[in-house]
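Guided by the hints, dock chain R onto chain G, whose structure is given.
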Amino acid sequence: MSKKEITIRIDGVECRTTEGEYILNAARANGIFIPAICYLTRCSPTLACRICLVEADGKRVYSCNAKAKEGMEVVTSTEEILEERRAIMEVYDVNHPLQCGVCDQHGECELQNYTLELAVDFQHYAIADTMREVKDWSTVLHYDAGLCIVCERCVTVCKDMIGDNALKTGPRGGSALDKAYKETMPKDAYAMWNKLQKSIIVPSNGTEHTNCSDCGECTAVCPVGALTERDFVYKANPWELKEIPATCAHCSSGCHLYYETRFASIDNHEEMIFRVKNEWNFQSLCGAGRFGYDFENRDVTKDEAAFAKAVEALKKAETVRFPAMISNEEALMLQRLKEERGVKLVNPEVRPFQRFLQAYAKASGRSLYGSDFKEIMKEADFVVSVGAALRNDNPNARYAFNSVQKMNKGAGIYFHPVGDTLVPTFGKSVECITHKPGQEESALYLVLDLFADKESLPDYLREYLAGFHETRTRTVKEKVMKEIVEVVKDEESGEEKEVKKKVPEMVEKEVEYDHNLLAESLGVDPVAFSESFEKMMKKKESFALIVGEDLYGHPQWENLARLVALVEKHCGMMTAMIPPKSNALGVALICELVDEASGYTVGYNQPGDFRLSALGDGDLDMPAMNQQEGTMTTMDKRVVPTNAALEYGGYELNDLMNALGLGKRLTIDWTLELPAEKGFQAVAFDDLKDGFLNDGTEIRGYALTPIKGRASTAKAKEASDEVLEGEIAYRCNPQRQFNDFTDRAHQIFEAFALYASPAKAEELGEKVEVVFEKGSLTLEVVADERMEGEIVAVPDFKADRDVYGLFGESRYANVTIKKV
Amino acid sequence: MSLEQFKDRNVGTQNYTMLDLGESPKTGWGKFKQVAKRSVKLELFTGLKVTFREMIKALFMGEMHTTKYPFEKLPIAPRYRAIHEMKRLLESGHYRCIGCGLCEKICIADCIRMDTRYDENQRKEVSEYTINFGRCIFCGYCAEVCPELAIVHGGRYENASEQRASFALFEDMLTPLDQLTQQKEYPGFGAVSPDADKKIKKTPLAY
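Chains as they are written, first to last, in the working numbering: chain G, 1 to 820; chain R, 1 to 207.
The shape of chain G in the complex, shown without the other chains:
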C-alpha cells in the first residue's frame, strides 16, 4: 500500500508528504509547529480542542483532520486564527485551578505552554464552576477531574492504540453557557466550550473503576496534571528528574523509554527511578514497562569472596543456564564462554524459538521474518494472528492488531485456543477462531487456503488444499416476490377489477455452496465464516501475519515454520514473529543453545548449583537491566541501545570473564563484536543513536541485516490430527508480568496464580493443585474476566518455580486440577 508522494507548502516552506496524510502530521514531520492539544500522531483526530485551525487554500480547516492534497498552500496563522486560538486558550483557563505550584504537570504542562505561547493575559469569559471530584480509577491511575480539560486524548489513545476502550466522556453536570457568548465569542471557541462544559472523562464500564490492562498510557498522553500515576502524585517535580533514555527490558518489544531519576529523599541521597516516560506520539508502553521500573539490585558492594567462588564455579561449570532478559553483550560473553571452555548454554525460554527461526530460515532462505510490527501497524489492513495470546504475550503485537482495526479500517482473524473477550472488541471485522490446541497447522493451512495465490502454490499443496473443499447443498430461506391477482370491487361503481399485486413470500431453496472442511475442523461454522470473510476482504490490499509463541514449542514446529514461510511467500503477507521473551531474538541469533542442562550448572537469574543473580538472592550479585548499558534486539529486528539509569557497585559478567581471561575492558566493548554473520553490524556502542525523528522514524541503533540463503524445497507435511483434549493448562503470564523483575516492581500486583475464565474459576474454587506429568504446582485461582473457555493459564514469570520444566517445550499441557 505505497501511497503517492506529494508536495504541499506550509507557510511557504515546501513539505514532502504522502497523499491522504493529515496536514498536521505533514507539518510535524517537517518540523513546522502548529499548536494542537487533542491530536495524537498515530491516532484518529478527536476534534476536541480546535486550536490546530489553519487556512488551507484560503479555507479554514482543522489541520488534524484535513488531508493534504498536491500543491496545497497552508497558512498556519492569520490574525483571525490567532484570535480564535487565544479565545480557545482563554476558555481552557476558565475555572482551571490556579494550583500550578503543586501540580505534577507543572513545568511540562501543555495548558501552561499554550497559554503563554498565545499570550493569554486576560480572561474575558466566566462561568460558575462545577464540583469535580478526585478519583482513583485503578491501582495505578489517579484522575483529578478539576484539572481535566477534556481534550479526550486519554480516550483516543485507549481506543485507537491500546484497544482497552476503558474510558469515555460522561456528563459533567455543568451549567449551560450564557447565550450572549454565542454572539460575542469566536465561533470555534464557543463550540469547544459548549462541548467542554458538558463533559468529563469517566470509565467506560459505567463504574467508578476502570477495567483495563493498567498500561498507564492515558497518564502519559494527558497534557495537564489530570491523569497521573497514583504512585507519583505530589512526589517530585518533573524538572528535578533526570531523563535517562533506555530500552524496556521486560518483553521483546524493546520499547524506547526514559527512566526518570532523582535522589530518593532527604534521608537517602541515592538515585532512584521515580517514573517512566515514553515518546507517546511514536511508541506506546504497556503496564510492565511503565510501572515495572524499580527492579534494580540495590546496595551491592564488591564481595571478593563471592567473586572468587563464582570464578571457580564458572571454571568447573558444565552448563550455564540463563533467561532471555539479558543484553546482547552478555549473551555474546556466554557464547564466548561456550566456544572457549565448552560449557553448554541452556535457555528454556529461547530454545524453541531459536529452532523455529532456524527452520523458518531454511524454508524461506532468509534468516529473519520479512516484516515487523511497526510496518504492520502502519501498512496492513488485514491482520491474521496465529498462536499468540495477543492480550498477554506482547503488548506491541496487540497494539498493532488493534491499530490495524481502528486506524487502517482493517479486519483481522485471531486464531487461538484460549477464548478472549477483548480481541473481538478491537473492531467490527474481527473473527476469533477458538480452535483446539494442536491445530495450529490447520490454522496456517486455512490462511494459505484463504489468502494464497493458488496459481503460484506448488501442485501438492494445491491438491491438498482442494481436498478440503466440498460442494454441498444447503437449504436457504429466500424472500421471493410473488405476483398474485386479486379481484377488487370498486365500491362506487360496483365494478369488479382484477388487480395485480406483489407479495413477499419466504421460499426454501436448495443452493450449492463451497463447504470448507478446514474451517469446520477448526470449530467454526463454514457457511457463516465464508460469508463474514467475504465482507472482511472488501477493499483490503495489504495483509499481515503475526506468529506467536504457541508455534515454537509445538510438536510439529518444523512443519509450522515451513508453513509460515509458505504463507509469507504465497500470500504476500507481511510476516512478523513474536520472540517469546525480552531479548529472545538476540539470544537466538548470538548463542548456540542446547536443549538439556547437565552436570554442574551456573544459573544466571535462573536456578542452578551456583547462582549469579540480579535479584539480590543469588551467590553473587549481578546488575539488573536498568543498571547496565548494552544493546537489546527487539522484535522489530533492531539492535537498540540501553543505558544505566542507576548506580551499581558490584561485579558484572564482564569482570567474571576478565577473571577467566576472556574479558574486555568494558561490557560495551563487546558491542563491536556482535556476530556480523548473523546480521549484526560492527558499530561501537557510543556511536549508536537513540530516539525518533519528527516524522516518527525510529533512529535507535540499527536494523539487523537479514542473511539470505537458498530456500529449501522440502515439502510441508499435512496437518497432523493430534489435538489436546481434556483438562488443559496454558503457559501464559498475566498482562503486566513477564519475569521475576516485573514481579519485583512495587506497582505491579498481578499474582503468581492460576488464571481462569470467571465461570471456570468459580468451578475451581479458591486454591488448586495443578498436577503435571513431572510435578505439580499449588496455586490460588484468579478469575480473569477477559478469558473464556475451559483452558486455564499458568504463569511462568517466576524462574524458581520451574514452570518451563513442568510444561516441557509446548505451551499446552494436560493436567489434573485438584481442589485444595
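Be aware that a few hints might be false.
Stated by the list, open to error - Now the stretches of chain R that chain G is said to cover, found in silico as 3 or more residues with beta-carbon under 8 Å:
1. 37-44
2. 97-104
3. 196-204
Honestly, the hints are just simulated from the structure, not real lab data. Predicted, not measured: the structure shown is a model, and the values here were computed from it. Even glycine gets a Cβ: it sits at the ideal position worked out from N, Cα and C.
This is chain R only, laid out in the frame that chain G set:
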C-alpha cells in the same frame, strides 16, 4: 536607634566637613622639624585630654558606645538576609509552604531539598524540608521566587557551629505555633509591593 540613617543610602550628599590639613613635609629635615615642633607644643596632651574626657563621659555620665556582644545586639536592617524562616498562615496556623519546589530549583548553591507526598486530604504535604547552611550563600533567591511568601530571610545571623555543614530542618525554621501572633512579614525580596492591589487585574468570576 531610628531606621532613618539606614534608609538613607545617598552617600555623598550628607554634610561632610573637609579638614584643612595643610601641606605634608617632603624632605627629611622638614619631617624632623614637624615632629620637634609638635612635641614642644605639647599636642600629645591635647589628644590625651580628648581620651580622658570620653572616658569620664562613658564611665560616669552613661555615654558608653561599646555594644556588649553577645549580651547586647545591634538591630539589623529588615532586609538583612540571614537564616531563613518558614512562615505560617495567620488564620489557620498551617505552614504556608505548598511544596512547589521553586526554591529548590532556583537555589544556585543547590542547598535546598524537600520531600513531598500526597496526603489524606488530597493535598501536597511537605513531609520534610531542609537547607544546608554549610552551602547556602544567602543570596535571597529562594525568598524572591516563593509564590506564597512562605520562605523568607530572618535576622538570625549567628551561624557558628561545630561542623561546617550545619543544616536546618523544616521544624527549625517554622514559626513556633505559640509565637504565631508575633510573626512579622518580611519586606525584602519577593514581598508584595505596597501598591500591589492597584496593579492586579481581577479575574472575572461567575459567582
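So, going through the hints one by one against the coordinates:
no., hint, in the structure
1, 37-44, "violated (count 0)"
2, 97-104, "holds (count 6)"
3, 196-204, "holds (count 3)"
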